[in-house]
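Novice: Residues per chain, in single letters:
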Amino acid sequence: MTEEDRARTLRCALECLLLASGGPVPLPKLAQALQCSEEETEALLAQLEKEYEGRGLMLQPVAGGWQLCTRPEYADYVTRLVAAQPEPLSRATLETLAVVAYRQPVTRAEVEAVRGARSDHHLRKLLERNLIREVGRKPGPGSPILYGTTEVFLRHFGLRDLSDLPPLEGRRVQDMLRTPTGKEDER
Amino acid sequence: MTEEDRARTLRCALECLLLASGGPVPLPKLAQALQCSEEETEALLAQLEKEYEGRGLMLQPVAGGWQLCTRPEYADYVTRLVAAQPEPLSRATLETLAVVAYRQPVTRAEVEAVRGARSDHHLRKLLERNLIREVGRKPGPGSPILYGTTEVFLRHFGLRDLSDLPPLEGRRVQDMLRTPTGKEDER
Amino acid sequence: MSAGRSPVVRVAGFEGPVDELVRRAHAGEVDLREVDLTSMVRAYLDGLRGEVDLEEATEFLWAAAALVEMKSRLLLPPKPPAPEPAVAQEEATDLAEQLRQQVEEYRVFREAAEALAALEAVQRRVFTRPPEEGSEGELPLVGLTVQDLFAAFRRVLERSEKPVEEVPREGVTVADCMRAILARLAASPHGLQFDELFEPASPRIVVIVTFLALLELVRRRRLRVAQMEPFGPIRLYAAGGEA
Numbered sequence: 004m005t006e007e008d009r010a011r012t013l014r015c016a017l018e019c020l021l022l023a024s025g026g027p028v029p030l031p032k033l034a035q036a037l038q039c040s041e042e043e044t045e046a047l048l049a050q051l052e053k054e055y056e057g058r059g060l061m062l063q064p065v066a067g068g069w070q071l072c073t074r075p076e077y078a079d080y081v082t083r084l085v086a087a088q089p090e091p092l093s094r095a096t097l098e099t100l101a102v103v104a105y106r107q108p109v110t111r112a113e114v115e116a117v118r119g120a121r122s123d124h125h126l127r128k129l130l131e132r133n134l135i136r137e138v139g140r141k142p143g144p145g146s147p148i149l150y151g152t153t154e155v156f157l158r159h160f161g162l163r164d165l166s167d168l169p170p171l172e173g174r175r176v177q178d179m180l181r182t183p184t185g186k187e188d189e190r
Numbered sequence: 004m005t006e007e008d009r010a011r012t013l014r015c016a017l018e019c020l021l022l023a024s025g026g027p028v029p030l031p032k033l034a035q036a037l038q039c040s041e042e043e044t045e046a047l048l049a050q051l052e053k054e055y056e057g058r059g060l061m062l063q064p065v066a067g068g069w070q071l072c073t074r075p076e077y078a079d080y081v082t083r084l085v086a087a088q089p090e091p092l093s094r095a096t097l098e099t100l101a102v103v104a105y106r107q108p109v110t111r112a113e114v115e116a117v118r119g120a121r122s123d124h125h126l127r128k129l130l131e132r133n134l135i136r137e138v139g140r141k142p143g144p145g146s147p148i149l150y151g152t153t154e155v156f157l158r159h160f161g162l163r164d165l166s167d168l169p170p171l172e173g174r175r176v177q178d179m180l181r182t183p184t185g186k187e188d189e190r
Numbered sequence: 002m003s004a005g006r007s008p009v010v011r012v013a014g015f016e017g018p019v020d021e022l023v024r025r026a027h028a029g030e031v032d033l034r035e036v037d038l039t040s041m042v043r044a045y046l047d048g049l050r051g052e053v054d055l056e057e058a059t060e061f062l063w064a065a066a067a068l069v070e071m072k073s074r075l076l077l078p079p080k081p082p083a084p085e086p087a088v089a090q091e092e093a094t095d096l097a098e099q100l101r102q103q104v105e106e107y108r109v110f111r112e113a114a115e116a117l118a119a120l121e122a123v124q125r126r127v128f129t130r131p132p133e134e135g136s137e138g139e140l141p142l143v144g145l146t147v148q149d150l151f152a153a154f155r156r157v158l159e160r161s162e163k164p165v166e167e168v169p170r171e172g173v174t175v176a177d178c179m180r181a182i183l184a185r186l187a188a189s190p191h192g193l194q195f196d197e198l199f200e201p202a203s204p205r206i207v208v209i210v211t212f213l214a215l216l217e218l219v220r221r222r223r224l225r226v227a228q229m230e231p232f233g234p235i236r237l238y239a240a241g242g243e244a
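Residue numbers (our numbering), protein chains in the order written: chain B, 4 to 190; chain Y, 4 to 190; chain C, 2 to 244.
Bear in mind the hints are in silico, worked out from the structure with no lab data behind them. Accuracy of the hints is not assured; some may be wrong.
[To be verified] Quick list of simulated restraints, FRET-style, between CB atoms:
id	chain 1	residue 1	chain 2	residue 2	range
1	C	GLU197	Y	ARG118	34 to 40 Å
2	Y	LEU130	C	SER189	51 to 57 Å
3	B	ASP79	C	ALA119	55 to 61 Å
4	C	ASP32	Y	LEU130	50 to 56 Å
No experiment lies behind these values; they were computed from the predicted model shown. Beta carbons: idealized from backbone N, C-alpha and C, even for Gly.
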């Protein structure tokens with residue numbers, strides 16, 4: 004088998020892996036299934052991405068993995084066949100989610116302190132849609148629940164990982180995530 | 004837009020439809036989403052099938068529709084990835100499924116009468132895996148739930164429709180499945 | 002209603018999306034004592050002649066429940082003020098500074114929310130292979146529309162006599178109600194009539210919370226709602242349980 008035949012077989016296999024799994028597959032898992040190194044797998048992904056140019060499907064790096072998905076320009080055809088994606092989030096819910104995303108792990112009281120409004124309803128909505136989850140409890144009085152974002156969150160917004168979040172006022176997300184706020188446990 | 008451009012766009016859209024729907028899509032539904040005639044849609048499917056030659060994915064007519072799936076020759080890669088395949092059905096669960104498949108619509112009491120054993124656990128498992136579903140209620144006392152098989156069932160077993168079910172060999176089995184027992188509607 | 006799905010309400014001193022009313026009331030910008038919540042709920046229900054959007058209706062009910070709760074606090078005799086040492090000890094200038102920072106911080110997050118909305122808009126046009134069928138699907142409503150459910154709810158609401166002010170201090174939570182409904186359904190293998198869930202003279206808040214619990218259970222597919230004939234009684238069954 005020539006080198007080109009081998010690469011071709013592996014690209015086909017890669018395509019199968021992505022279709023079969025549906026959601027994003029982390030690079031190491033792809034490499035393991037292909038029995039290749041991660042470097043070679045990345046090269047194959049790049050080749051496959053190129054092959055897909057001008058097609059209906061595309062590869063997308065999201066939520067720490069790669070997924071096979073439809074190109075946005077064909078969305079109108081797709082929604083004629085399958086139900087549209089879940090409703091976009093309301094403004095207030097998005098705001099709540101933004102606080103959780105950039106401040107995680109964060110308590111309800113902390114979210115409400117930033118928003119200046121009750122947020123339990125929005126937190127519930129986000130929990131229900133699996134965009135956030137309980138990640139633990141904060142030590143201290145009442146040990147309130149701490150919230151953080153989920154993998155569904157990354158997929159919902161097409162983000163690779165949390166560092167892919169849009170920068171806030173020029174501040175890097177990593178810095179924000181690490182900075183403990185001084186106003187914790189405010190109620 | 005030239006005729007070739009149009010056909011190309013529609014092939015891309017078709018690819019998207021098949022990916023996004025997951026399961027088999029009947030021809031009329033594809034045609035409707037593409038806003039083409041069924042004849043043209045069939046021609047597009049044929050073109051797409053040709054384009055897919057030498058690739059990892061393929062088009063397959065199954066369960067009364069078309070679906071996008073992986074080529075069998077890459078199954079080893081896929082199984083390596085999907086190591087956590089759903090556990091195979093237990094013998095008893097499969098038995099329960101068989102009774103439902105051949106005798107549908109059927110009540111739990113009827114399944115239990117045929118099997119001579121409690122089957123609620125197995126029915127629940129089958130419902131969970133979407134292999135069977137509630138199809139209605141039997142008229143009469145208590146109006147018990149009637150079960151039937153699902154499209155997932157057809158796909159799981161690679162059947163086009165219910166008439167594709169393997170014919171039952173052996174009189175005893177047939178009789179067992181057919182004989183109305185005196186224990187119907189027992190709860 | 003494109004920016005958010007919060008229904009618009011019109012009450013004394015406020016007209017706009019109901020979640021904005023909740024926010025203003027919480028910030029003390031609207032005096033809930035001046036607001037007739039019963040009329041607000043009735044006006045909303047009266048407006049529901051056409052399609053009922055379950056999501057939007059839930060949003061409304063949540064907001065209404067939050068307003069009722071806030072209002073009941075306002076109307077109850079004031080508790081001795083809780084000590085707030087942290088704030089009490091602040092210098093006035095610190096307070097102003099703190100407030101400025103808070104407003105600034107909020108603005109930053111609003112912008113972040115805008116950025117997320119833009120990402121969401123793109124990603125909503127991208128589809129992947131869906132999970133095997135069954136994880137999503139029709140809500141388990143058999144033979145009836147959400148409208149029927151709301152009509153039934155409205156009848157109960159009209160029947161409930163006690164004004165909202167008589168909220169028991171303990172309060173009822175949606176979670177409690179969900180548990181109570183499931184327990185009652187578990188004890189009723191033939192299902193329950195919708196009306197049976199509501200005591201004839203329940204305070205409105207209890208009716209609202211019970212209804213929210215019901216919506217929640219339908220959404221989680223923990224119960225099935227069925228109407229065997231048009232205009233017939235609505236019955237509730239535990240999901241998966243046999244009749």
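Novice: For each hint, tell me whether it holds in the structure or not.
Specialist: Hint check results:
Distance hint check for GLU197/C and ARG118/Y: the Cβ-Cβ separation is about 37 Å, which falls inside the suggested range of 34 to 40 Å. Separation of LEU130/Y from SER189/C is about 21 Å and departs from the stated range, judged on CB atoms against 51 to 57 Å. As the Cβ distance of ASP79/B to ALA119/C is approximately 19 Å, the hint placing it in 55 to 61 Å is violated. Here the CB-CB span from ASP32/C to LEU130/Y is close to 53 Å, well matched to the stated 50 to 56 Å.
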